[in-house]
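Full structure from sequences and hints, please.
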Amino acid sequence: MNLELDDLYNKFQQFSIDLFQDDLINWFLQEKRSLPWRENQDPYRVWVSEIMLQQTKVDTVIPFYNRFMERFPTIQALAEADEQDVLKAWEGLGYYSRARNLQNAVREVATVYDGQVPANAEELGKLKGVGPYTTGAILSIAYGIPQPAVDGNVMRVLSRILFITEDIAKPKTRKIFEAAVEKMISQEDPSSFNQGLMELGALICTPKKPACMLCPVQEHCAAFKQGIQEELPIKSKGKKQRTKPYLSVIVENEKGELLIEQRPEEGLLASLWQFPMADATEVTIEQLAYWFKLEYGLEIKVEETLLPVRHVFSHIIWEVIVLRATTVSDGEVPDKGRFVSREDIANYPFPVPHQKIIQQIHIPE
DNA sequence: GAGTCGTGGGA
DNA sequence: TTCCCAAGACT
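So for the first sequence, UniProt numbering puts the first residue at 1; every next one is plus one.
Keep in mind that the hints were calculated from the coordinates and are not lab data. All C-beta atoms, glycine included, are put in the ideal place defined by N, C-alpha and C. Hints are not guaranteed to be accurate.
[Unchecked claim] Derived DEER-like restraints, expressed as beta-carbon distance ranges:
1) Glu80 / Glu31: 35 to 41 Å
2) Gly238 / Asp42: 44 to 50 Å
3) Asn40 / Gly227: 37 to 43 Å
This is the structure:
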């Protein structure tokens, strides 16, 4: 590590940190986008935005953020909310553990810290869902504390500017960039410095075809000097997704209600709702009614096969064959899940693949 | 440290 | 179609 640090610091021999800070910050103050979470520096608003922005594009986040802040305007409001309502507000945004971790952490701030978001890395970083990046982002943006906030943008931008060739897909590589930012960050305006690096990555120093001719720090960029900006950063490839086949059945009772169930509290799509789903490597369409009887304790009659649903996750692909079925006896209560009217289904948080299924059942035959 | 955890958009 | 990606954290 000392070797790597020495190597890093050598890169600053011919590098003017002061001029770089000025060029970056002036550009940011001039060109920064007007975004909902930039209206003020309320630590709660900054916090929510940073959680939503994890692995998620700005354009995607904006409408979710506005709805969320309207519904849960304060730490108090979010702390007192029902978890299901929070998940409903998060519906469609993905990475749902973010929502549950956020509420968990907000509740801790409400009780342990008297509603004040901690202004130090030790306490902040212990909150659920607040990792190294988010800690630095909140401290610098909300509190003006000089602390690195190294995300994908920062690693891409600095890999080019400083010619850092470590694989940014490796977790430990982030530490190198944190060391670089610690050395480079403006003590006067760490907020604009950190946000400037990210804004630059989003608008100019993009992954493909960076707009170097428009770059405010072009003259500081080691990669541009050699014309190899497109070769950086170095990033190893991830694995391909595996396909998992499922059978999902929409069971309608005599009252026209549909059977839904809540997913487990841990794992994929935790605590969200869905239609009953069987692993298609273990259950065939012919066995479905029998499987359903075992799992849910109800007799059903499979009526028809609807359109298949395909959904690509980060690491899995779902191939879901969707079936429609009706109950055989009236008024029976299932062992698992609950029958819900079509109108009430809108009140439950569903992941996108099951939203796709819901689309189908409203189509008249 | 590698795997898990969503979604939508663009090349 | 396929691939990569986007302001990461947790286990």
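Okay, the hints, checked on the actual structure:
1. Between Glu80 and Glu31, the C-beta spacing of about 39 Å keeps the proposed range 35 to 41 Å intact.
2. Checking the proposed 44 to 50 Å range against Gly238 and Asp42 shows it is violated: the Cβ atoms sit about 36 Å from each other.
3. A C-beta distance of roughly 42 Å is found between Asn40 and Gly227, which places it inside the suggested range of 37 to 43 Å.
Violated hint: 2 only; the structure is consistent with all others.
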